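Asks: Chain order of the listed sequences is A and B.
Residue 66, in this note's numbering, is where the first sequence stops; the numbers in between run on with no holes.
Residue 1505, in this note's numbering, is where the second sequence stops; the numbers in between run on with no holes.
Simulated from the structure, these hints should not be mistaken for laboratory data.
Being a predicted model, the structure only gives us computed values, none of them experimental.
Any given hint could be a false lead.
[To be verified] Keeping only pairs whose Cα atoms sit at most 25 Å apart, straight-line, the calculated PhoX-like set for lysine-lysine is:
1) Lys1411(B) / Lys32(A)
2) Lys1480(B) / Lys30(A)
3) Lys30(A) / Lys1411(B)
4) Lys46(A) / Lys30(A)
5) Lys32(A) / Lys1480(B)
[Stated by the list, open to error] Pairwise CB distance ranges (calculated):
6) Asn1382(B) / Glu10(A): 53 to 61 Å
7) Leu1370(B) / Lys14(A): 41 to 49 Å
8) Gln17(A) / Asn1382(B): 55 to 63 Å
9) Glu21(A) / Asn1382(B): 26 to 34 Å
10) Ala1381(B) / Glu10(A): 51 to 59 Å
11) Glu10(A) / Gly1280(B): 51 to 59 Å
12) Ala1401(B) / Glu59(A): 46 to 54 Å
[As the list claims (entries may be wrong)] Counterexamples of contact, computed for chain A against chain B with all Cβ distances above 10 Å:
13) Glu21
14) Asp22
15) Leu28
16) Cys29
17) Lys30
18) Arg63
Ideal Cβ positions, reconstructed from N, Cα and C, are used throughout, including at glycine.
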Amino acid sequence: MPEVKSIFREVLPKQGQLSMEDVPTLVLCKPKLLPLKSVTLEKLEKMQLDAQEAIKQQELASRQTQ
Amino acid sequence: MEVTMDPLFLAWSYFRRRKFQQCSDICSKILEDSPYDQAAWSLKTRALTEMVYIDEIEVDQEGIAEMMLDESSIAQVARPGTSLRLPGTSHGGGPTPAVRPMTQSGRPITGFVRPSTQSGRPGTMEQAIRTPRTASSTRPITSASGRFVRLGTASMLTNPEGPFIHLSRLNLSKYSQKPNLSKTLFEYIFHHENDVKNALDLAAQATEHAQFKDWWWKAQLGKCYYRLGLYRESEKQFRSALNHQEVVDTYLYLAKVYQRLDQPITALNLFKQGLDRFPGEVTLLTGIARIHEEMNNITSATEYYKDVLKQDNTHVEAIACIGSNHFYTDQPEIALRFYRRLLQMGVYNCQLYNNLGLCCFYAQQYDMTLSSFERALALVANDEEQADVWYNVGHVAVGIADLTLAYQCFKLALAFNNDHAEAYNNLAVLELRKGRIEQSKAFLQTAASLAPHMYEPHFNLATLSEKIGDLQSSYIAAQKSEDDFPEHVDTQQLLKDLRQHFALL
Chain A
1 MPEVKSIFRE VLPKQGQLSM EDVPTLVLCK PKLLPLKSVT LEKLEKMQLD
51 AQEAIKQQEL ASRQTQ
Chain B
1001 MEVTMDPLFL AWSYFRRRKF QQCSDICSKI LEDSPYDQAA WSLKTRALTE
1051 MVYIDEIEVD QEGIAEMMLD ESSIAQVARP GTSLRLPGTS HGGGPTPAVR
1101 PMTQSGRPIT GFVRPSTQSG RPGTMEQAIR TPRTASSTRP ITSASGRFVR
1151 LGTASMLTNP EGPFIHLSRL NLSKYSQKPN LSKTLFEYIF HHENDVKNAL
1201 DLAAQATEHA QFKDWWWKAQ LGKCYYRLGL YRESEKQFRS ALNHQEVVDT
1251 YLYLAKVYQR LDQPITALNL FKQGLDRFPG EVTLLTGIAR IHEEMNNITS
1301 ATEYYKDVLK QDNTHVEAIA CIGSNHFYTD QPEIALRFYR RLLQMGVYNC
1351 QLYNNLGLCC FYAQQYDMTL SSFERALALV ANDEEQADVW YNVGHVAVGI
1401 ADLTLAYQCF KLALAFNNDH AEAYNNLAVL ELRKGRIEQS KAFLQTAASL
1451 APHMYEPHFN LATLSEKIGD LQSSYIAAQK SEDDFPEHVD TQQLLKDLRQ
1501 HFALL
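Please model the complete structure; the sequences and the hints are all you need to start from.
Replies: Below is the structure:
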């Protein structure tokens, strides 16, 4: 699109001072990539979960027999 | 007439196909008929061990007691670059906390969690005790009370007739004479029963029977000593095992001992020795990369992870770490390629989709962003993960300037995980935009107390307090922010202004 004439002209001040105020803004915490889990860790967590389930089941069973 | 298979053969077949429960059931039946069948007995111990087997090299959980009452370290104040405990001492060109979030111990977050790096090493007792509350995993009091014990008791509970082998009735010296039984028995005691003392007894007697010439028993002795916290003895055993036979595993165990003794340089040298013997060995290269990463030397860590990928181009840990490094060094497009590679390889979980979503958004591939996050939300396993995904969706919402959605996302993150400090901080920023100063201040204070290692809440609190004229609190908060992130320019500026102001008074 070479022939389109721009309506806006850029403004470049040739004289005078250019000043910019640096206003401190609040910072957001950064986005967090979640770390992947190693196979060992996943197995550990699964085993722990299974063990907890098993204990729960056994407790339920013992409560029902009482 | 039906031809039945020999039960022991069937049991072996089940074992090879990793159907351990069936294998163990058949062995139990054989043992009921002939209680002295050694083959069935040994196979059953192996099946039971395999059920709860975890790679001993990978497992390393440091309890509070080991960490705070640590007597094995040589220097209390180590020189820069020689210790794993002062992460900030060697800056290898890693990104600053302004770009890359930090963990509690002041290390940049990694792309991959291993059991040993899960929560890092807190500096003070107070932090150590606080860690279980904020990290997604709980830290045990000592490693002896950690997962090992819980797993051990669980394996007994599921067995209604009591344990398979009564260790107290076992004549260990008799078994140590029989090399074909003793090794399986040792692994059973060590992994299934978690009875390290008995395992140590058996290993000591067996190594004596082998006339101190079997490297395997020496390595096992080293493992037992490591579990008992006797690191120097453990080191001796592994060294001696290496003299007999050079095995990659032994190198890895020995390096683990040195890491626990806080001697990363020795561990690195050891890995290099190992690489001379086994050139291009992936586990050794990964070990080096991990140490560099823990010492905050991200550039060389990435180099080593690349070496790993040259040997094994499906190494999940290396791909994830390089990917996250690219993301935090402002190259989300490249990070996206790495995470896509993981997806192609069949990794299918919430974390991966969350990372893909973030990379897509920052690489300006908006069409994929929200669908990735939707998948991530569909795959979450627990509330903490859900909170993290919503927190990241909140970032996307901030990016497209949909502040209402962002507000709701951060609120959701907090609903799922009440300790999500980052979400508190971001919510505070949004609240301040709405002009609710008190609310914002409360959120910031919560965030600062939940995560004293992050500079953002401190800095925000300082800025906010300065605006409402509470210069004293502003100064205190700014100082905390400076402690966490000394190079932060805005904090420096704020402190300078405040000092000038105080000097005028």
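Asks: Are the hints correct? Go through all of them and say.
Replies: Quick rundown of the hints versus the structure:
1. Lys1411(B) / Lys32(A): holds, 17 Å
2. Lys1480(B) / Lys30(A): holds, 19 Å
3. Lys30(A) / Lys1411(B): At roughly 17 Å apart (the allowed maximum being 25 Å), Lys1411(B) and Lys30(A) satisfy the hint.
4. Lys46(A) / Lys30(A): Between Lys46(A) and Lys30(A) the Cα gap is close to 30 Å, so the pair fails against 25 Å, i.e. violated.
5. Lys32(A) / Lys1480(B): Status holds; Cα separation ~23 Å.
6. Asn1382(B) / Glu10(A): 53 to 61 Å: holds, 54 Å
7. Leu1370(B) / Lys14(A): 41 to 49 Å: Holds, since Leu1370(B) and Lys14(A) (Cβ atoms, about 47 Å apart) stay within the stated range.
8. Gln17(A) / Asn1382(B): 55 to 63 Å: holds, 57 Å
9. Glu21(A) / Asn1382(B): 26 to 34 Å: violated, 46 Å
10. Ala1381(B) / Glu10(A): 51 to 59 Å: Holds, since Ala1381(B) and Glu10(A) (Cβ atoms, about 54 Å apart) stay within the stated range.
11. Glu10(A) / Gly1280(B): 51 to 59 Å: This hint holds: roughly 57 Å between Cβ atoms.
12. Ala1401(B) / Glu59(A): 46 to 54 Å: 52 Å Cβ-Cβ, so the 46 to 54 Å window holds.
13. Glu21: About 12 Å separates Glu21(A) from the closest Cβ of chain B, which puts it past 10 Å; holds.
14. Asp22: Non-interface label on Asp22(A) violated, nearest chain B Cβ at 8 Å vs cutoff 10 Å.
15. Leu28: violated, 5 Å
16. Cys29: The claim is violated: Cys29(A) sits with its nearest Cβ about 4 Å from chain B, within 10 Å.
17. Lys30: violated, 5 Å
18. Arg63: Holds: least Cβ distance 15 Å, greater than 10 Å.
Against the hints set out earlier in the document, violations occur for numbers 4, 9, 14, 15, 16, 17.
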